[in-house]
Structures are given as structure tokens and as C-alpha cells.
Amino acid sequence: MQKNSKTSPNSNRVARSLHAHLIIALSLGGLIYILAVTGTLSVFNREIQRWEQPTAPEMGSISPNAAARAAKTVFESEETPSTHLYINFPQPDLPRTVITTDTQAFFANADGTVAEKEHFPWTQFLLDLHYYLHLPQVIGLTVVGALGAFLIAMSISGFMSHPRIFRDAFTFRRGKGLLPMVDLHNRLSVWTSPFHVTNALTGALLGLATVLAFTIAAFNFDGDIDKVFSPVFGEEPPEIVGKAPIANIAGPLKYMASEYPEQPPTFFILHDPATAGQHINVIAKHTDRLIFGEYYNFSASGEYQGNVGISDGTIGQQLIGSVYNIHFGNWGGLLVKIAYSIFGVLLSVIIASGLRIYFVRRNQKGLYAPKLESAWESIVWGTPLNLTLTLLLAVAGVLEGLGLVMLFWIGLTATVFAACIAANPRKVRLILRLLTGLALLITVLLHGFYNLNNSPSLAAYSVSIILLAVAGIVSLPTIPLLRENATAIGIDTLGRNN
Amino acid sequence: MPVTVQSTAIYLLAILAAVCGTWVLQAAWRFPARQWHLVLLGWILVFTSLYVWTLTTTTDKGIALGIAAWVMIAVLFLLRSAMKSPVRAQRKQRKIKAKSKEGVAISMPKSQIAVNALTVLTIGPLAGLAAMLMSTLLLCLMQLVQLEYTATIALTMIIFPVFWAGLAVMLGYQQRLSTRLVTVAVIGLGSSLCLWLVS
Chain A
5 MQKNSKTSPN SNRVARSLHA HLIIALSLGG LIYILAVTGT LSVFNREIQR WEQPTAPEMG
65 SISPNAAARA AKTVFESEET PSTHLYINFP QPDLPRTVIT TDTQAFFANA DGTVAEKEHF
125 PWTQFLLDLH YYLHLPQVIG LTVVGALGAF LIAMSISGFM SHPRIFRDAF TFRRGKGLLP
185 MVDLHNRLSV WTSPFHVTNA LTGALLGLAT VLAFTIAAFN FDGDIDKVFS PVFGEEPPEI
245 VGKAPIANIA GPLKYMASEY PEQPPTFFIL HDPATAGQHI NVIAKHTDRL IFGEYYNFSA
305 SGEYQGNVGI SDGTIGQQLI GSVYNIHFGN WGGLLVKIAY SIFGVLLSVI IASGLRIYFV
365 RRNQKGLYAP KLESAWESIV WGTPLNLTLT LLLAVAGVLE GLGLVMLFWI GLTATVFAAC
425 IAANPRKVRL ILRLLTGLAL LITVLLHGFY NLNNSPSLAA YSVSIILLAV AGIVSLPTIP
485 LLRENATAIG IDTLGRNN
Chain B
1004 MPVTVQSTAI YLLAILAAVC GTWVLQAAWR FPARQWHLVL LGWILVFTSL YVWTLTTTTD
1064 KGIALGIAAW VMIAVLFLLR SAMKSPVRAQ RKQRKIKAKS KEGVAISMPK SQIAVNALTV
1124 LTIGPLAGLA AMLMSTLLLC LMQLVQLEYT ATIALTMIIF PVFWAGLAVM LGYQQRLSTR
1184 LVTVAVIGLG SSLCLWLVS
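Protein sequence lines correspond, in order, to chains A and B. The opening position of the first sequence corresponds to residue 5 in this note's numbering, with each subsequent residue numbered one higher. The opening position of the second sequence corresponds to residue 1004 in this note's numbering, with each subsequent residue numbered one higher.
Bound conformation, chain A alone (with noise of 0.2 Å):
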């Protein structure tokens, strides 16, 4: 950047934020808008579990005898035992109880009996896309939480590179070109910063978590890092080997409802099931507050022993434990949900827009980039695309596991590719948002074939017609834009002949 004498010192910090913003907007805003996106799907991947398996049993609630029955009669179908024991129980947003142990997971019915294996392959990927970016699990953690301090920076940045942030509070121009595509992304930026603030940090602490954790325990614990979070989450007991009956499960269920129902509960944990350490905690939902649950901890045999302190112990637990649900919008039912995913696309809208303006500024510099616009352009729509194909092969039962995730990556590269080749910035959106539309449409269609003879839930109908919708917002206007372009020569719009 070159000085200039003739600049002033708040224009001088201006430009300087903005280079930082821009330094971090091109070398990760493509991984950042993956998080955003996939994250934005992920508030409703209950929902999308529904509609991906619609025949599980459904139900309110289930028994502690039931619940019991079920989880032993799992456990006993293990060839190697399992070290953990979990029960899932019915969810409002997802009213299914499942018991999983280290290597399978069966839905339960309401009677106790095993049903069906769980099986949504889709929402795994897409989950574990967001979690980890599909890399190994620490150092996948690591980038995600990395990614969320560089959009703290893009935030912090974005602010101090905004000197009319005061008086252009409410400018919102509209029409074409530069200008109305400056206010979108600074008025949403600047509105929606306590969604993505908050959001980007609680991610950030969620994935950087375990890499602290390690440095921490180096410096001050001897390298045990278990006695790094142990005060927060209470400590693990003593290992005792030998083998012992299966541990009482219906008793802390029905000991729960007793003394505690205001607090449903959302998780059966038994660890080191029928051996002489076995113990159990149950995690219920304090439905008034932001933390996950407290954790409530019982004997082998169904004694009392107390609870961890995540709703009542000090701040610090407090407030790590309201980490995961203020991140993940599952703290206010349904309409804070919609909240959390119409605030998601508005953050991926500030990201596509933000690389657009740039690009725009470069192209009235005379500094065309066609290529590397093209690229940005398949990156934005080539993400939902490829994770729409993903769909539409998960669904049909054509690929699962490895398989999607070989395809969402290979696909994209391969998008990414093609469009540059292509170096048409305009015709590359187009083109990709319509085949977007068309995927989703044929997925909905392939869905709605394959489950004629099932009762899908309410709210797997309502994925379906939330796909369908998206279907027609993202293609429908592309189709008289992708006639003109047919027949002109390809002009985009700032008057360039391609």
C-alpha cells in the first residue's frame, strides 16, 4: 500500500482495517462460508433427521421400565461389550428414543422393544462437515474454532474500517452495481453482529477447546488434561475392573421424574456398563435456562450422589455450560430456531457480498480477474449445489459415509475448476443456481417416491416443502436472465464483453 502524505489519519486506519479485512476475507472467506452455510442447515438437522429416516417410532415419551428394556436388550446383542450406554429420550423437535452404544444406535419403541437402526447418513455428513470440515476430529475442531476467531477478526475489522457506521445506519440504496451491494453487506454486518459476534466465538471456544485444553494441562496439571475441564464437568470415579450385573437404569429415570420433574431428562450415560466401575449420569434440560443440562449422578445401583453444578454451581460452569445451545440456536424452541437460520443465510449473504464487492472495485480499476471471480461465484453457489447432489444421492441410497463426503469435496474442486475455465462470473452463477434448484427438485420428487407408503411427521412435510421453496427462490429467476444470455453475447454487468 502506498503512503500518502495527503491522507488523513482516519482515513489512513480506514484503509489499513480494510487491508486486514481483505488479507482474511481472500484467504479464508471460501471455508468460512462453508461454516455458514452448513451451520445455517444444521439448526434444523433434527428436522432433517426426521425426513431423511421418516419411519422411527415417534413418541412423547417413554417409561423407565421401557427405556431400560430397551438399553439392555441392545447391550446384550453386543458381541464386545460396550463401554458406554447411552439413552437418548424424546425431544420435542425430535421425539424419538435411541439407544447407542460405542459402535450402533437402535430407535426404540414406546413398549421397550428395539426397532430400527438409526440411519441418516446425509445429516451426519453434513454435521460432521460443519464440526470438523471432515478432517480428523482434533485438528478438524482446531480449523473450525480458527475459522471462527478469523470471523471475530473479519468482525472487528469490518468496524473499524466503517467510520459512517453511525451515519449510514439505516442507508439501505437499491438497484444494481456497487453501491446497494456495499449497504447489504455493511447494514447487515453491523445489525446482525450480536448473532454472528456471539456465534463465531461460542464456535471458536467450542473447537479451540481441546488445544488449549492440551497446552494448559502441559503448563499446570503434569499433561493430565482430564483434570483441565474436571471442575467443570465433575470428575470421572476411579476404575475399578471385574465384571457386575448390568447397573439399575429404570431407578435414576424414576428417581428423576419424582424429584425433578421440571427437568426432563435428555441422556442416559452409563459408563463401563456391567463392570465393577460402572456409573451413571443422566443429563436432563433445565428448559428455562441457556446451559445444555446439569448432569445428575447415580450409583450402579440407583443411589442418589448428586449433581455436577452446570445450573447451580459457579459462573465459569454456568457459562460453559451455555456454550454448545447459545451456538447451535437449540435454547428457545422452534421461533428462536427460525431466528438462528434466517440469521444464518443473512451471514452468508454478508460473506458472498463482501468478496463481490471486492471484486467489483478491482473490475473499476481496470484490475479484471474473471477467473478468480468465477471461482468465488462457484464457491457460493457451488456449495449448496454440491450439498444438494450429496442429498439427492444419500436419498436415493446410491452413497453414504465416505462416499458423500469424497463427492461434496471432489465435486466442489471440480466446480471451482470448470469455473474458471468458464471465466464468466454472471453466466457461472447462473447456471449453478439452476442446477441447484433442479437437484433440489428432483431430490423432494426421488423423497417423496420413495416414502409413498410411509406417514411422514409434520415436520419432515415441512422440509419437503422448505426444499421445494428454496428450489423455486433460487432457480426461477435465473431462468430469464440464462434466455438473454442465451441469445447476447455474454455481457456482464458492468458492460464487459466476455
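Be a bit skeptical, because a hint or two may be false.
[What the hints assert, rightly or not] Not everything, but these chain A residues come out facing chain B in the computed CB check (under 8 Å):
#, residue
1, 153
2, 156
3, 173
4, 189
5, 191
6, 235
7, 292
8, 324
[As the list claims (entries may be wrong)] The list that follows gives simulated cross-link-like pairs (lysine-lysine, DSS-like), each with its CA atoms no further than 30 Å apart:
#, chain 1, residue 1, chain 2, residue 2
9, A, 258, A, 121
10, A, 375, B, 1113
11, A, 121, A, 341
12, A, 431, A, 180
13, A, 289, A, 76
14, A, 341, B, 1087
15, A, 180, A, 375
16, A, 369, A, 431
17, A, 247, A, 258
18, A, 180, B, 1087
19, A, 258, A, 289
20, A, 258, B, 1087
Because the hints were derived from the structure by calculation, they are not lab data. For clarity, every value in this text was computed on a predicted model and none was experimentally measured. Even for Gly, the Cβ is constructed at its ideal location relative to N, Cα and C.
Using the hints provided, position chain B relative to the given structure of chain A.
Then chain B, alone, in the frame of chain A:
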């Protein structure tokens, strides 16, 4: 809060306060000269809304609900502003001559690519490492003055990404690669030295 006439009235009051507060802020913005009394009134109403939300549930959840509701209301106000503003006719675009003969961006020299890569490395992993050491140092110092442990670990978990973000902005703000490298080295090594002395 169970749905009753009283609870519905409280919800409506909270929403109304947020809407009025945002409306007053927008009214203040319309004046050519800053109207501090209107700005103050607007923010008082917004914070009143947050307080009223806490009456519907516990403090933490109430504030969160209030912020979520207020951001939605602000976005709706923006949408209203956008719908009311006239659509500007796009100026006839003049053809801008490309800076290179081929009409595409001049390719970057290899030295600049190397500088850019090192810049990303500095702002990324190196700044992250320095931030992690700073955060751990902060935790050790808080433990030295015997602050309650869970509070210190919570604060450290929050401070780490904020330090990293702040460092990234500071390094991006600087103009020379050498300055960036020296800055991150001083912060990282300084924190390591202090950690070694303290722990």
C-alpha cells in the same frame, strides 16, 4: 413461562419496546444533526425490552431472547428502509480499459506470492500459537492471584479466540511482512518466557 393473558402481555410489551426503540433510533438517524436525546431514548427503550424479556424466564435466557428478537426487528426495519428507497437507475457503465493487453489481471510475481503466503502463515498458525501462549499465561496469572478456577478457565476459553482475532487484525493492519513477523515473534516468545517464569 406458561401462556396466560399476563404472560402474553409481557411478551407483547417486550416486543413493543424493541420496536419503539428501533423506530426512535431510525428517527434520530434521519435528522441531519445528531439528536442525542432521541438516540438515548432509543437505546433506553431497547434495553428496557431486554429487561422485560428477563421477566418471562430466567435472566440468561431472557437476555438471549431479547437480543434475538431485537436483531430480527432491526433486520425488518432495514428491509422496510430498503423497500421504501427508490430503485436507482444504474449509470451507463463506461468501458474500463484493462490494465493489461489481455484484459485480465496482471499475474502476480513469485516474490509477491511468497510474501502473501508468509502473511497468511503469520496471521494464521503463528498468531494462533502466540494467542494460545498469551491465554495460558493469563490463566496462570489468574491462578497465582487465586481466582476461582472455573471462572479462570471460562475466561481463558473466551479470551483465546479474541486474542487470536485481535492479533490477526493487528498484523493485517501492519504494512510490512518483517514488522508482522517481528510482532508475532515478540508476543509469542515473550509469553513463553513469562509462562516459564510463572509456572
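Quick rundown of the hints versus the structure:
no. : hint            : in the structure
1   : 153             : 4 Å, holds
2   : 156             : 4 Å, holds
3   : 173             : 5 Å, holds
4   : 189             : 12 Å, violated
5   : 191             : 5 Å, holds
6   : 235             : 5 Å, holds
7   : 292             : 5 Å, holds
8   : 324             : 5 Å, holds
9   : A:258 to A:121  : 27 Å, holds
10  : A:375 to B:1113 : 19 Å, holds
11  : A:121 to A:341  : 27 Å, holds
12  : A:431 to A:180  : 17 Å, holds
13  : A:289 to A:76   : 24 Å, holds
14  : A:341 to B:1087 : 29 Å, holds
15  : A:180 to A:375  : 22 Å, holds
16  : A:369 to A:431  : 22 Å, holds
17  : A:247 to A:258  : 25 Å, holds
18  : A:180 to B:1087 : 16 Å, holds
19  : A:258 to A:289  : 16 Å, holds
20  : A:258 to B:1087 : 59 Å, violated
The structure fails hints 4 and 20 (numbered hints given earlier, in ascending order).
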